[in-house]
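So the sequence lines, in the order shown, correspond to chains V and S. Using this note's numbering, you'd call the opening residue of the first sequence number 444 and step up by one each time. Using this note's numbering, you'd call the opening residue of the second sequence number 10 and step up by one each time.
Be careful, since some hints might not be right.
Unchecked claim - Only part of the chain V face toward chain S is listed, based on derived beta-carbon distances under 8 Å:
(1) C448
(2) F449
(3) I452
(4) I459
(5) Y463
(6) M465
(7) V466
(8) Y492
(9) Y507
(10) E516
(11) V517
In short, the hints are calculated from the structure, not lab data. Heads up, the beta-carbon is just placed ideally off N, CA and C, and yes, glycines get one too.
What follows is each chain in one-letter form.
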Amino acid sequence: MVTFCFFLIFVLLLTITTIYDMVIYQKTILQTLHMLLFTYVGAGRYIAYIEAGIGLIYSIIIDYRLHQNKKNEVNP
Amino acid sequence: MRLQENVSVVQLFALVFNFEIGTSIVVGLGTEAKQDAWIAVLIGTVLGVGVTFFYYKLLTFCPGKNLFEIMEFSFGRIIAVGLSLLYIGFFFYISARISRDFGELIATAILPNTPIEVISMLLMLLIAYVLYLGLEPLARTAEIFSPYIIIFIGLLNLFLWVSGKLKMFRIEPVLANGWKPIAEVVFPDIMAFPFGLMVTFTTIMCYTTKFRYAGKVAMLGVGAAGLLLSYVIAMQFMALGVDSLARSNFPLLNTAREVSVAQFIERIDAIVVFIMMLGIFVQCSVYMFAGFKGIEYVFNVPYRSIVFPISMLVSLFSVMIANNFAEHIEEGLKYNLLFFITPMAYAIPPFLFAATYIKYRKQRKKKEGLV
Numbered sequence: 444m445v446t447f448c449f450f451l452i453f454v455l456l457l458t459i460t461t462i463y464d465m466v467i468y469q470k471t472i473l474q475t476l477h478m479l480l481f482t483y484v485g486a487g488r489y490i491a492y493i494e495a496g497i498g499l500i501y502s503i504i505i506d507y508r509l510h511q512n513k514k515n516e517v518n519p
Numbered sequence: 010m011r012l013q014e015n016v017s018v019v020q021l022f023a024l025v026f027n028f029e030i031g032t033s034i035v036v037g038l039g040t041e042a043k044q045d046a047w048i049a050v051l052i053g054t055v056l057g058v059g060v061t062f063f064y065y066k067l068l069t070f071c072p073g074k075n076l077f078e079i080m081e082f083s084f085g086r087i088i089a090v091g092l093s094l095l096y097i098g099f100f101f102y103i104s105a106r107i108s109r110d111f112g113e114l115i116a117t118a119i120l121p122n123t124p125i126e127v128i129s130m131l132l133m134l135l136i137a138y139v140l141y142l143g144l145e146p147l148a149r150t151a152e153i154f155s156p157y158i159i160i161f162i163g164l165l166n167l168f169l170w171v172s173g174k175l176k177m178f179r180i181e182p183v184l185a186n187g188w189k190p191i192a193e194v195v196f197p198d199i200m201a202f203p204f205g206l207m208v209t210f211t212t213i214m215c216y217t218t219k220f221r222y223a224g225k226v227a228m229l230g231v232g233a234a235g236l237l238l239s240y241v242i243a244m245q246f247m248a249l250g251v252d253s254l255a256r257s258n259f260p261l262l263n264t265a266r267e268v269s270v271a272q273f274i275e276r277i278d279a280i281v282v283f284i285m286m287l288g289i290f291v292q293c294s295v296y297m298f299a300g301f302k303g304i305e306y307v308f309n310v311p312y313r314s315i316v317f318p319i320s321m322l323v324s325l326f327s328v329m330i331a332n333n334f335a336e337h338i339e340e341g342l343k344y345n346l347l348f349f350i351t352p353m354a355y356a357i358p359p360f361l362f363a364a365t366y367i368k369y370r371k372q373r374k375k376k377e378g379l380v
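From just these sequences and the hints, can you work out the full model?
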């Protein structure tokens with residue numbers, strides 16, 4: 444659930460950001476997405492991607508732990 | 010396991026006060042009204058107090074319930090989940106914007122060689138840690154540091170007077186262009202930001218220990234913050250003048266740089282950065298908390314388990330939302346205010362209020378009938 448939530452929030456925020464950039468730059472949705480995700484990727488942006496990646500890995504670990512806890516509760 | 014959050018009325022006051030000051034003090038408020046900006050902020054404050062009362066009244070129909078739970082009470086689970094997702098996106102998006110403000114401020118004023126991504130990450134890690142501990146540590150932080158804001162602004166004011174930099178003629182003539190420029194700034198700019206954003210407190214006020222005082226305290230907080238903001242803006246205009254202020258990205262920072270007492274007390278930027286940092290920290294944390302409460306409601310998971318991953322995601326988006334400061338300000342002040350904050354603060358809540366009131370009346374009648 445935590446991983447799903449992570450992706451959902453990612454999609455929500457990406458949608459809002461994309462809509463703003465589409466309005467401001469007068470570009471199509473694909474062009475805007477490409478611009479947002481790939482065009483300005485520099486050394487700094489990689490740091491931000493790594494942060495988000497760590498967040499994703501952490502959410503997968505939490506989900507695994509929650510799953511294990513549930514299993515243990517069912518079969519003590 | 011879900012832990013019950015509790016904040017005292019004093020802590021609620023501190024939260025509201027810091028929340029309202031937040032980024033308003035960083036990027037300035039109502040500067041389009043030129044030297045009459047302080048009047049615009051005063052009018053906005055009066056209306057903001059009314060808006061806060063409206064949000065408090067909404068909460069009184071369902072004591073102990075936050076915004077998301079009230080939506081379920083009024084519209085049912087399916088619609089409530091849809092609206093909650095909208096609000097969750099809203100809260101996290103605004104958090105990302107505020108985090109960007111912070112990054113730009115620190116990169117400009119203190120750490121010019123540090124990547125903005127690192128600054129944003131550090132802020133988000135701090136917020137994640139505080140929110141993981143709960144709402145109370147955040148409220149205590151605000152409670153402890155709030156007096157410093159007033160003391161530091163008082164000191165800044167004193168130093169500017171002593172330096173002879175405050176010139177009354179810079180805020181004159183008053184109402185030179187009439188009320189129209191002021192009205193244009195108040196509606197929708199100031200009413201949306203920062204006063205409309207009090208909608209965020211519909212997820213916090215319900216956790217106040219003495220809920221019956223929460224409304225009055227929140228209104229007092231908005232009033233106090235509004236008065237302080239109005240004074241600070243007047244001070245900025247008196248120190249910098251209309252033209253310099255219009256060109257300034259961080260007006261309060263530039264104002265502080267004007268201080269020079271006997272060529273000894275100079276460059277007191279650190280004081281101003283502290284004021285801004287505390288406001289931004291509290292404001293961003295409050296939005297994040299509201300978003301987490303929304304996630305807790307929609308997914309039925311304790312919000313503490315998702316604090317770290319989502320904070321990292323917000324940190325990423327604080328960088329992604331704009332390629333430079335100019336774009337960030339353009340999006341924030343032009344589009345975000347009008348097309349996102351205004352509907353979320355003023356379009357949905359009245360419908361929610363009406364629906365909740367009708368349902369509340371029905372339930373009360375039913376109960377009275379049973380008695």
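Report task. May I ask which of the numbered hints given earlier this structure violates, with the numbers listed in increasing order? Result -> 6, 9, 10, 11
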